[in-house]
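Protein chains: 2
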Amino acid sequence: MASLTTLSKEDLEDLHSSLWNIYKQEQTKDLHLNMSRGKPSAEQLDLSVELLQFPKSYTLADGTDARNYGVLQGIGECRRLFGDLLDIPAGQIIMGGNASLNLMFDTLAFLFLFGTERKKPWADERAQGRPVKFLCPVPGYDRHFTICEELGVEMIPVPLLSDGPDMDLVTRLVKEDEQIKGIWCVPLHSNPQGVCYSDKTVDTLASMTTAADDFRIFWDNAYGVHHIYEEVPLKNILKACEKAGYPNRCYYFFSTSKITFPGAGVSLIASSPDNVKELLGHMSAQTISHDKLNQLRHVQFFGTSENIHNHMTKLAALLKPKFDIVLQKLQDGLGASPPVASWSHPKGGYFVSLNVFPGCAKRTVALAKEAGVTLTGAGASYPYGKDPKDSNIRIAPSYPSVGELSQAMDILILCVKLAYIENKLGIQPK
Amino acid sequence: MASLTTLSKEDLEDLHSSLWNIYKQEQTKDLHLNMSRGKPSAEQLDLSVELLQFPKSYTLADGTDARNYGVLQGIGECRRLFGDLLDIPAGQIIMGGNASLNLMFDTLAFLFLFGTERKKPWADERAQGRPVKFLCPVPGYDRHFTICEELGVEMIPVPLLSDGPDMDLVTRLVKEDEQIKGIWCVPLHSNPQGVCYSDKTVDTLASMTTAADDFRIFWDNAYGVHHIYEEVPLKNILKACEKAGYPNRCYYFFSTSKITFPGAGVSLIASSPDNVKELLGHMSAQTISHDKLNQLRHVQFFGTSENIHNHMTKLAALLKPKFDIVLQKLQDGLGASPPVASWSHPKGGYFVSLNVFPGCAKRTVALAKEAGVTLTGAGASYPYGKDPKDSNIRIAPSYPSVGELSQAMDILILCVKLAYIENKLGIQPK
Chain A
1 MASLTTLSKE
11 DLEDLHSSLW
21 NIYKQEQTKD
31 LHLNMSRGKP
41 SAEQLDLSVE
51 LLQFPKSYTL
61 ADGTDARNYG
71 VLQGIGECRR
81 LFGDLLDIPA
91 GQIIMGGNAS
101 LNLMFDTLAF
111 LFLFGTERKK
121 PWADERAQGR
131 PVKFLCPVPG
141 YDRHFTICEE
151 LGVEMIPVPL
161 LSDGPDMDLV
171 TRLVKEDEQI
181 KGIWCVPLHS
191 NPQGVCYSDK
201 TVDTLASMTT
211 AADDFRIFWD
221 NAYGVHHIYE
231 EVPLKNILKA
241 CEKAGYPNRC
251 YYFFSTSKIT
261 FPGAGVSLIA
271 SSPDNVKELL
281 GHMSAQTISH
291 DKLNQLRHVQ
301 FFGTSENIHN
311 HMTKLAALLK
321 PKFDIVLQKL
331 QDGLGASPPV
341 ASWSHPKGGY
351 FVSLNVFPGC
361 AKRTVALAKE
371 AGVTLTGAGA
381 SYPYGKDPKD
391 SNIRIAPSYP
401 SVGELSQAMD
411 ILILCVKLAY
421 IENKLGIQPK
Chain B
1 MASLTTLSKE
11 DLEDLHSSLW
21 NIYKQEQTKD
31 LHLNMSRGKP
41 SAEQLDLSVE
51 LLQFPKSYTL
61 ADGTDARNYG
71 VLQGIGECRR
81 LFGDLLDIPA
91 GQIIMGGNAS
101 LNLMFDTLAF
111 LFLFGTERKK
121 PWADERAQGR
131 PVKFLCPVPG
141 YDRHFTICEE
151 LGVEMIPVPL
161 LSDGPDMDLV
171 TRLVKEDEQI
181 KGIWCVPLHS
191 NPQGVCYSDK
201 TVDTLASMTT
211 AADDFRIFWD
221 NAYGVHHIYE
231 EVPLKNILKA
241 CEKAGYPNRC
251 YYFFSTSKIT
261 FPGAGVSLIA
271 SSPDNVKELL
281 GHMSAQTISH
291 DKLNQLRHVQ
301 FFGTSENIHN
311 HMTKLAALLK
321 PKFDIVLQKL
331 QDGLGASPPV
341 ASWSHPKGGY
351 FVSLNVFPGC
361 AKRTVALAKE
371 AGVTLTGAGA
381 SYPYGKDPKD
391 SNIRIAPSYP
401 SVGELSQAMD
411 ILILCVKLAY
421 IENKLGIQPK
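Quick note, the sequences are listed as chains A and B, same order. Numbering (UniProt numbering) for the first sequence: 1 to 430. Numbering (UniProt numbering) for the second sequence: 1 to 430.
Bound conformation, chain A alone:
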């Protein structure tokens, strides 16, 4: 297909008519295709179903009965397994419940309720009309932004470049404004763009001068072992912070939500020894322990960190055909018209980020919806749900089957073109 952008007004009108007829036909099919959330498919979950037969025994190495109360920090066996996987000392890891999101919310809530390092609770500043601000690399993960919005954290978007956030901008902002107390980072295969942070980005984040002396990096390594096309290394942020003289700067989050079961996996937070001590202090008022039997299930199911990598290879084999088809369909359908759409080429993770012609994202998503294809809401990957260019659309290929995905992508591409032509011709949405 020739580029849409070289067509005359008349040709565009003709094309719109013919595409619209195809679209109306699609609408009659009563499809229900969903590419909205990063949900694993049933086939992926089946790879972990043996986990449900564990634990085979429930006595820990130190003799503790894992069925009973206690062990707030999480069982040593589990902290060592993930410490080995992530190159973090087991003593600097706290196992959480079934969701790292919960740990992120709680950690930010603790900062609001109690402050850190004996400094003022962030809620006090909020109450005094000096809201805490966070830098939000965009596009990013909507649930990070929801946590901020819920707690009244003012979000400042910063562009996410090919090797991490725009660090020139980030370093300038954090140096100038002492109300900027944090930044959200998804350092590997970021949601939704698949960006992987370079060593230089990690070092700069760890060493930059910040006006706030309680500045914190929320390091959500959600896709830390989720390579599909290529294994990407990631510099150790905790070590980098320690080396730079800011050992308490980073909270590191990880979970098995997209390794074993979303909602029934295990999560962890890791940080400096001082931060771990401080967190455990608050947590000791919050709970007696998280679910040690589920920690033990994971330990007995995986055994070693190498087996986690092997498991990820199997998951990648299920995901790759889905990413292949999304990328191939985009190339075939839109590759000839660069201004109409561009998209990410992730090496792993869960998403493809599609940028349509400015001003066309909401319309594209709405058109797709009306033809039975549910996408993440346009704007969701920006703070307050506001994409200033109305351009970004997140594609989540994991949940549908390859067949459904193929069908859904055809409709999405059709909608991208329709929205572009409507925009160019000034056609009001029907």
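Calculated from the structure, these hints are not laboratory results. Treat the hints with care, since some could be wrong.
The list treats identical chains as interchangeable, and a pair is accepted whether it falls inside one copy or across any two copies.
To be verified - Okay, derived cross-link-like pairs now, DSSO-like style, lysine-lysine, Cα gap no bigger than 27 Å in a straight line:
no., residue 1, residue 2
1, K386, K277
2, K369, K320
3, K314, K56
Here the structure of chain A is known, so what remains is to put chain B in place on it, guided by the hints.
Only chain B this time, still in chain A's reference frame:
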């Protein structure tokens, strides 16, 4: 044995010498007996071990795959099971994670961070030097008090009488002071006294006039089905609040920590429809869902609320001999000397509350500790760990075996007597 209180000074001195010799002998035995926490015994946990073979299937009644994301409020199957058990509509129940304590902390944290019914966050008042106050029936559960202390809630102790908190005092205080925004209640088989709230107490709590229009009852029904000697009914507080015109007054907590596994059970919070909606709003920023597979395990293991009651009967059969021996030993050892000690006669729950001669609790616990018997720290059942009379000691009979318990009780009784005589004779602790 004759009453200690009728002995002459000389007789007391002789008795002290002989008891002290016995005590020194006990010390040589290098015992390690623990009556400090309400931990179930291994035999109790064994009754639930089949639970670990569940879930047998993971597709919910509505077709949802319980292994995947979603269902923030908790699976309908589980909410109906516990709703049936507790006489609460399933729609008014939110399933939590593995610990109701976590729900209590989070609920109070939400009030601090966000307020309720669009009123000011409680943290704002704290920041403005007007701390929130909670009424704390004493003696009570130390972890409730720890939550308050952590969040900076000022605790006001109120006496716990035989049918609930001293409601004359409670109604007066809440009417006078708008900073009193809550009360902790363990309405059945309370920790540590085994008090069960009368209908009148429930009705008064539900209907009393409070100066604070965001006053909240934290209703921790931890022992709601934990009857041992006698089944005790409890009036439905949520219905009472609704009837009294204060539908949003009460947060109701429950868990299976002492039904199935501490740390690997399920918990719930129940409240009015408005409160449930408000809580779910905050929770939707905090997590995607709690562990649905564990909810399903419990549903498949129990099946019906009747089976939960049957299960509790088996647990009670394991607990009863332990309570029997504690009560018998206390009667045999201290029954003749009423001023030296008095104790609760619980109908269920997990504790016996022992009141020793005023000024002797700390010394008794210290003596026991040095003879190898660990008790809950004296004062723990009071806000800030301060028992004004230094009199209350909590006995937790569940964890040790009957043999260990018998031995531990002999030592405890010995220490009660020694501490009393030391106190009477003005003997400085050796």
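Cross-check of the supplied hints:
1. K386 / K277: between (38 Å within a copy, 26 Å between copies)
2. K369 / K320: Classified as within; 25 Å inside a copy, 62 Å across copies.
3. K314 / K56: both (24 Å within a copy, 24 Å between copies)
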